[in-house]
Amino acid sequence: MRKKYKEMNVFELINEAKKDNYQALEELIKREQKNIYTAFCFLGICCENASDLTQEALFRMSKGIKNLKNPATFKAWLGQIISNLFYDELRKKQRRPNPVSIDTFWVNDGCSESSALNICDNKCNPDEKTLNSELSDIIRKLICELPDHFKIVIILRELQGLSYDDIAKITQTNVGTVKSRISRARNKLQESLKPYLS
Amino acid sequence: MFRTVCKKVESLLGAYIEKKLPLDEVNFVKAHLKKCPVCYEKYITMKNVLNNLRFEYEKLINEFEKIEADRIFNIREYENFYNNLSPYLDDELNYDESIKFRTYLLKSKSARSELALSYNLRNNIKNAFELYKNGIHPNYSKNIINKIKKESVPEKKYNYAGVAIIIVFSLFMALLFLLFGYSYINEAYADNIGDIGSKEIKVFEIPDEEEFVEFTFDEQQNFLLTAK
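For the record, the sequence lines run as chains A and B. Counted the way this note's numbering counts, the first sequence spans residues 20 to 217. Counted the way this note's numbering counts, the second sequence spans residues 229 to 456.
Simulated from the structure, these hints should not be mistaken for laboratory data. Do not rely on the hints blindly, as some may be mistaken.
[Stated by the list, open to error] In silico BS3-like cross-links for lysine-lysine, where the CA-CA straight-line distance does not exceed 30 angstroms: (1) Lys370(B) x Lys25(A); (2) Lys213(A) x Lys335(B); (3) Lys361(B) x Lys160(A); (4) Lys85(A) x Lys361(B); (5) Lys82(A) x Lys378(B); (6) Lys337(B) x Lys207(A); (7) Lys88(A) x Lys378(B); (8) Lys25(A) x Lys377(B); (9) Lys361(B) x Lys37(A); (10) Lys377(B) x Lys82(A); (11) Lys354(B) x Lys170(A); (12) Lys160(A) x Lys354(B); (13) Lys275(B) x Lys258(B); (14) Lys378(B) x Lys25(A); (15) Lys378(B) x Lys23(A); (16) Lys361(B) x Lys23(A); (17) Lys88(A) x Lys375(B); (18) Lys377(B) x Lys49(A); (19) Lys188(A) x Lys354(B); (20) Lys38(A) x Lys370(B); (21) Lys94(A) x Lys377(B); (22) Lys213(A) x Lys328(B); (23) Lys375(B) x Lys85(A); (24) Lys53(A) x Lys378(B); (25) Lys49(A) x Lys370(B); (26) Lys170(A) x Lys361(B); (27) Lys370(B) x Lys53(A); (28) Lys378(B) x Lys49(A); (29) Lys354(B) x Lys328(B); (30) Lys375(B) x Lys25(A); (31) Lys111(A) x Lys370(B); (32) Lys53(A) x Lys375(B); (33) Lys38(A) x Lys375(B); (34) Lys213(A) x Lys361(B); (35) Lys49(A) x Lys354(B); (36) Lys378(B) x Lys85(A).
Here chain B stands alone, though its shape is the one from the complex:
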């Protein structure tokens, strides 16, 4: 009887320590622990073990979180470095960023080797440009200068003064014509009339048709017109 109760309590101990038992069973276990020293001892050791376990677990979790945070921080720092690498080469970073960049360079060896690699690449690209430039001999200068000169010829400024003088002169002439031209023509017309008037006008008198012409028909009935 006694053993069976002990066994039952023992099976319930774990749940009791974690406080997951219904109320009547909690009371039952409490009452038994007060009575039975063997079970009480078991209870104490079990409690200690569980507490230790929990403590260790929390410690581990904390450590892991710390490491993870460090790792993420490192990744972020590295990403920052990686993004700033080419602006740093071009000297386009502002003061704060360049200081951050340099401190990171001092910290990590891989960063330094990466910087050296990108310097190398940049030099190679520049060399490629220079080599290519030395290999070609374009000569467009004369061609283009000629083209420019040709284009600039029609753009020469007109002699506006000359044009103005011509326009003024023609206007002046037109004015003269308006003022005196008509009167001159009128005078000439009047002179002509005068001339005609002064001469004798011979008026030819047209004779009557009947006196002048005779209509006859010849033998073949042809119409004949004969003057008298």
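Just chain A, with the same shape it has in the complex:
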């Protein structure tokens, strides 16, 4: 039974999920959760908040999927949810300071320096960690450092694969603005990646 849903197309899954089919919805969530989590992490939100936001986004998705008229707009709709949550989080951030992770501790002589505890990471083998992953870490940091408007645009484009029109609708701007923002974001990334790529 499960296998049947695994082989299904996204549109078929959406149509099934609309009919209150929880198994189809579960499969849909399984497919999208990594994408959404990655999006929030690349948007520069720290790990705990990212997982909260991912759950919230998935919850909104599964709640609102019945009201989605056209399955073709699913990706854009999901992008809308992500960007809404991201902007909400930014607004919240202005009001309260960032939560401090337990993994970081304060150095005795002052509050300026902090470092993470060196707990070994068993998730993946050191063999798998090649130069490539190092580069991907750098790219993630660079994307996180971009201005907020550039960040959301480049993530909707590269990760969610949305068209410029959809991004313009989601961010409530013109297509021209989206175009220039994406190209400027790419140029910035390219410039800061130059020393690593050569």
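Got chain A sorted already, so can you dock chain B onto it with the hints?
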């Protein structure tokens, strides 16, 4: 005398050729040139040189303007290319623009290398996403499905038919009560009265106070009430 006049004319020649002399001096120079072949020759050579110079100058200026225009055109073309670079990667250019873009690519080598660089960057970003995705193992599906199921329980449709039946039934009962209830109570009340009426009522006659009670004071002047 003759030499001094020649010298004077010679000094005026430049201004004469450029037609910047007052009228009396122009007439003076003209008259002298007709008379003196040496000065006339000087005048001719000077005129030729000046004309040549002007011609060369104009040629230079024209060439410079052309180069400048070309340069500006190139800059504009390059800017256009640069702006369209990322839309081209995303396949968002319309037909005309993409043709322009490709012709520019064929023309310039640096444009091609730049396109290759941005392709490279794009691939790197995609790789970064994929690597990050493979490194994480989020599992929210069960959690969310449970949450959704919980939420959907109170949203279950009420059994409206049952509620309607109860309401209709109670209304019916109320109607019955209104029609027959009062009459029943009245009947019961009337029955009670009838019962009371049928029985003999014993009326106790209260005797006069004076016959019944005697007020006296005892020795210590206490008030005493004694029945007879």
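*Report the numbers of all earlier hints that the structure fails to satisfy, in ascending order.*
Violated hints: none at all, because every hint is consistent with the structure.
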